[in-house]
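Chemist: Going down the list, the protein sequences come from chains A and B. Residue numbering for the first sequence follows the working numbering, beginning at 1 and increasing consecutively. Residue numbering for the second sequence follows the working numbering, beginning at 1 and increasing consecutively.
Rather than coming from a laboratory, the hints here were simulated on the basis of the structure. Watch out, some of these pointers could steer you wrong.
[Claimed, not checked] Listed below are the simulated DSBU-like cross-link pairs for lysine-lysine, each with C-alpha atoms no more than 35 Å apart in a straight line: (1) A/Lys29 to B/Lys142; (2) B/Lys142 to A/Lys153; (3) A/Lys155 to B/Lys142; (4) A/Lys336 to A/Lys155; (5) A/Lys72 to B/Lys142; (6) A/Lys31 to B/Lys142.
[What the hints assert, rightly or not] Some, not all, of what chain B presents toward chain A, calculated at C-beta under 8 Å: (7) Ala123; (8) Thr133; (9) Ser166; (10) Asn169; (11) His212; (12) Gly215; (13) Val219.
Where a beta carbon is used, it is the ideal one built from N, C-alpha and C, also for glycine.
Listed here are the chains, written in short residue letters.
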Amino acid sequence: MKHRITISVLILIILSCTGWIWADHAYLKPKPVTFTVPQGWPQPVYDFSQNPLTQEGITLGRELFYDPRLSKDGSLSCGSCHQQFSAFATYDHNLSHGFNNSLTTRNAPALQNLAWQKEFMWDGGINHLDLQPLAPITAEHEMAESLQHVLQKLKTDSRYRRLFKAAFGDENINTQRFTKAISQFVLTLVSSNSKYDRVMRGQDTFILPEKLGYQIFQQKCVSCHPAPFFTDFSYRNIGMPLDPVLQDLGRMKITGNPADSLKFKVPSLRNVMRTFPYGHDGRFFSTINLFDHYRKSIQQGPTTDSLLRKGLPLSNFEIGQLTAFLYTLTDTVFTKDPRFAPSGSGPSASPPKDVH
Amino acid sequence: MPKALLLLILIATLTLQAQQPVAKRSMVIAFQLYAGDQPLQPGTCYTTPQGDSVYIERFRFYVSSPRFNNSTTRQANGYYLVDMADSSSRYITLPINTAAPSQFRFLLGVDSLRNVSGVQTGALDPLNGMFWTWNSGYIMAKLEGISPQSPAAGQRFTYHIGGFRSTQNTAQQISLNIPANHRGDTLWVRADALRWFGPGFPLRIQENPVCHSPGALAVHIAGNYRHMFLVVQP
């Protein structure tokens with residue numbers, strides 16, 4: 001009799017233990033996040049099945065994005081050159097500032113709507129979003145750090161071991177998990193709430209100059225800067241003369257094809273008023289300089305874009321209306337979203353007085 | 001009662017045993033790194049087919065999807081980095097299905113799919129220094145060293161060979177015949193670093209001390225090194 005009770009109790013314990021082991025521990029697993037495609041936009045090109053978004057993964061990615069320890073001397077994070085108030089471009093810098101007073105050779109692009117982008121960098125040299133962080137981290141004139149050393153720093157930090165465990169199930173930290181986490185965060189940087197978007201959704205209306213600007217845009221700009229991304233992601237030579245110091249041949253550096261000489265990726269115009277200076281090397285201080293380039297200074301060469309063969313005439317009136325339209329592409333919901341700011345800080349929507 | 005318990009344990013043990021995979025025959029591919037007809041040693045001077053003197057300090061290459069001609073399945077995770085600096089990296093164990101395979105095949109380099117699929121793990125981890133970050137793609141093979149003929153700093157020569165797009169492809173399909181009289185569980189494959197310099201494309205260090213990007217020079221060198229392998233008897 002006595003044995004029977006003991007055995008029953010033991011069986012009960014064993015059963016409950018196996019039950020616990022077999023159960024689906026939803027509270028221990030990373031919480032899935034659904035990626036929302038804005039209304040009317042195409043499906044993303046990023047393969048989310050290989051890197052499913054989770055709350056924990058995005059949180060880890062944000063920590064890494066804002067961690068200056070990713071650079072050699074701990075002075076620069078991804079967020080140093082990709083600032084939220086500037087739609088994650090570098091505010092007011094033609095070339096980005098790198099390790100030990102160095103300068104990069106190109107203007108930091110805005111980070112937005114990356115899930116729809118197939119190739120990265122001005123020359124499209126990087127063919128997968130997960131690979132992108134490796135370039136600035138290891139580049140001598142950027143963060144100047146080695147991948148080994150970055151992973152070592154993360155592994156010795158118990159906080160990161162916890163964050164990796166929460167995001168990926170165990171404390172193992174490797175290149176793949178590290179880059180996938182950063183991808184998860186930057187994939188959430190979707191800008192689709194500008195005034196332009198509200199007007200298209202029927203929630204707002206253009207004032208007259210914006211409306212006229214939109215019409216001029218549809219005639220003169222849209223073949224290279226089509227909605228919804230305001231770029232066709234192609235590589236084009238817009239007749240900017242070669243900078244004698246930088247000697248940057250653009251896309252040709254990647255393909256080796258002389259037909260690609262001086263071609264650079266068409267940048268998105270979303271948040272364009274926040275991402276000055278412009279051009280792959282930041283040579284245009286303002287949109288006025290850009291308009292002037294198009295109407296006066298296009299250099300005709302063998303690879304200059306066929307759409308610009310006869311220049312791009314723009315009157316002062318047209319420039320005024322176009323400017324009004326470009327302002328409607330500023331998305332302050334995006335630039336002020338607290339989910340994209342460093343953890344523990346408020347939104348960083350307004351630039352500091354002096355950024356150097 | 002105890003008899004029933006014993007029976008239960010016996011059944012459980014048998015079931016577990018049945019789940020163990022059946023032990024298969026396997027063969028070890030053993031790469032021998034050579035310079036001409038001598039084993040490759042750092043700090044030793046060799047002469048290339050072009051008459052240049054070389055000290056080889058770094059020699060690495062990817063072996064992808066190694067398999068025998070009569071095997072039906074490829075190795076599950078078939079990517080290996082053979083490295084002069086790591087003697088354990090020179091051995092690859094492969095299952096054999098039938099008695100005597102007549103060919104050993106592999107891709108020297110990394111297939112194009114892995115070049116466009118983001119960050120990989122294991123042998124393909126970018127951590128291994130065989131990946132270009134500014135122009136995505138694997139370095140299929142690497143040869144570095146010092147040569148008095150080199151006009152580069154420190155008399156160095158540096159050949160990082162990569163490129164996976166059609167016209168720039170440097171990955172090479174390699175098929176090696178296994179002699180009919182081959183015996184034993186080890187297949188010795190010699191890799192001759194001096195074959196990078198010719199014959200075929202005459203690679204003179206004076207003219208080309210460095211190759212760092214996909215393109216014509218890389219394709220020429222890859223055309224040379226595809227002939228560097230030879231099955232040898234111990």
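Chemist: Determine which of the earlier numbered hints do not hold for this structure and return their numbers in increasing order.
Modeler: Violated hints (numbers, rising): 1, 6, 7, 9, 10, 11, 13; every other hint is consistent with the structure.
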